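*Asks:* Chain by chain, the residues:
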Amino acid sequence: MNDSPVLVVTGLAAGVADEDLDILKGVDLAIRPGEIHAIMGPNGSGKSTLAKVIAGHPGYEATDGSAELNGEDLLEMEPDERARAGVFMAFQYPVEIPGVSIANFMRTALQSRLEDGEELDLFDFQELLMERMELLDMDASFAQRPVNDGFSGGEKKRNEILQMAVLNPALAVMDETDSGLDIDALKVVAHGVNTLRKENPEMAVLLITHYQRILNHIVPDRVHVMVGGRIVESGGPQIALELEAQGYEEYRKAHAA
Amino acid sequence: MSQVAAVRGDVRRAIGREAVREAGAGDPGWLRARREEAWEVYAATPLPSTRSEEWRYTDVAKLLPLDGLEPAGGGAVRGAALPDPLRRAMAQDRESAGRVVEVDGRVVSVELDDSLAAQGVVLSSLRQAARRGVGDIEALLATRAVPASDGKFSALNAALWSDGVFLYIPRGVRVEQTIRLSRWVSRPGTATFTRILIVAEEHSRLSFVDEILSPDFDSATLACTVAELFSRGGAQVQYVSLQRMGRGGVHLANQRTLAERDSTLDTLNVALGGTVGRVDLNARLLGPGANSDMLGLYFGDANQHFDFNTSQDHVAPNAHSDLLYKGALDGRARGVFRGIIRVHEGAQGTDAYQTNRNLILSDEAIATSLPNLEIEADDVRCSHGATVGQLDAEALFYLMSRGLGREQAERLVVLGFLGEVLSRLPLGGVVEKVTRAIEAKLGHV
Ligand SMILES: Nc1ncnc2c1ncn2[C@@H]1O[C@H](COP(=O)(O)OP(=O)(O)OP(=O)(O)O)[C@@H](O)[C@H]1O
Ligand SMILES: [Mg+2]
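Note that the protein sequences, when read in sequence, are chains A and B. For the first sequence, my numbering gives the first residue as 1, with consecutive numbering after it. For the second sequence, my numbering gives the first residue as 258, with consecutive numbering after it.
The shape of chain A in the complex, shown without the other chains (with noise of 0.2 Å):
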């Protein structure tokens, strides 16, 4: 397997663009191919921010530091770009779509990776979305739905990991998709995150969130503790432990200090 990062932040700065307002305030990760990187912190410390900061978000604007996916310089590119060049992100808030349908939506997703003057072959792409539609146990009845239009919480967060698994990421930033899914469905969006993984051992996963139990079924290979805008602690997957037992108050200490 090749081993150069797929991911690698460093000394990432970041605002909110046309306001004197530092969030990031020098991030530092790599992510190798296949592997799972977890971020936790308190609640407003960041890791939504990092996670938009590397999608192109136009709301944020990098001020120090590098992004690179696959040694390509991300901070440079559209937030399409992006997209085409391997990066994925599932938002913690998926926006509505109204009037444009899940079946559109991706198609159009995939026909713009192609060539000018390449046509998408659709009935390959109406078997692959009703297969990852099957994969996350929805209903063939939501490829015609518009795009998170009335969804309700969870079902918004797995059709986030559908697209996921329909435009097949180097990179999937995972923004709190554990959030707002009952135990079944964690498990169901789990089994399909595992099950990409399998059909695309290098895809690099960043996985925000809060709580260890999605940590069960996707198992990381580090943790990192992101306080104040910062990566405060890295390690093993037991972090995750320590941290469900005794919250971030000892890190919030250190980092005032």
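Hints are computed from structural coordinates only; laboratory data are not their basis. Remember, it's a predicted structure, so these values are computed and weren't measured experimentally. Quick reminder that beta carbons are idealized off the backbone N, C-alpha and C, glycines included. What you were told as hints is all true, and nothing was included just to trick you.
Under 10 Å between C-beta atoms, here's a sample of chain A residues computed to sit facing chain B:
no., residue
1, ARG82
2, TYR93
3, GLU96
4, SER101
5, THR108
6, GLN111
7, VAL147
Put chain B with the ligands on the given structure of chain A with help from the hints.
*Replies:* Using the frame of chain A, we list chain B with the ligands on its own:
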């Protein structure tokens, strides 16, 4: 006939007493008299000015040189010589139960399924139907629905109409496939005046699609149309107007629907073309249990100007009306929606809704939305709402984060936004046709 005179520079006027006489040549006496009366009303009615509430945003005097318009001189084109854009539009349609083709204000062909004709359905050129005095035409034409007294342009149309469609569906006859009117306006700087009269008798059923097309014009070219639609007890009628004129086209439409007891009379107005499109639509709910869904969709770019003036008149109790107009505006386009729900005294149990939503795609596009309520009964359920918004940056980011380019993402959001209207009236072929027309327009944005 007129062609030669026009070429010699002896320019005839489309609008004037002489034109009224010419339009009525060959008409029966009652109709000539009706035209003359309408002309008197027209002459006595001032041109709508922007000082009036209803025309505040549409300056007819500026947009349309009424005195300079020439007659369209229709009737010259025969079936074999239909222009390509019209033929292409017709070829996109799915099966039809009947079709009328109108060129420059004259009907050039009428086709109707034999089985429907055998059941007593009448589909005819309005001119011929009026001359033959078919059915109730004398009682219904420009009287109860859109009479001359309705306004300046209703009067003008009643005086000058050259042709159009008469459609009669007998009691209990269900026309399963759509009946279509395909209109074409060919000459710049002309005016056409046409009207349609549809009567759906008790428990009958009909869907009618009225499409108007033209090439681009370098001078203002008027198509003034009237639609008079009657649904009798328990009938179900759908009327769709597709305005796809070329640039320079000025479409002034007056539509009135009269829905009797337990009947359904739904309308969809789609405005995509022309430079100016003004629709005055009045839905009258005349019997208990009557129902009108009123849908509208507009997409303007460049300097296009669309103005919708709608009213929902609840005369009878326990009737239902639901209006949804959605528009996207790009370039320097302007959209105006002015709508009123009127619940008349005694119309208890009324259910009436009105929604107008606009999506602004550029810095210079403007949407004006003026919803209104006038309620004189107490047991009613009414709501109205209007929004003017821009493309949602979060939605665009969401779509782009899956690989869609910015333009592609914008297209999807706009199509999705407008598509809601079409999904409410899923009429065979209309959804595809309108979607394709919007896509083509989005390609140019
Ligand atoms: N667009 C914005 N404008 C102003 N402040 C912002 C904006 N985006 C993020 N912030 C602030 O930056 C900080 C980090 O936010 P972020 O969403 O990254 O936190 P998080 O770690 O994901 O929290 P949670 O666990 O609650 O999801 C918060 O204090 C938040 O209020
Ligand atoms: Mg977050």
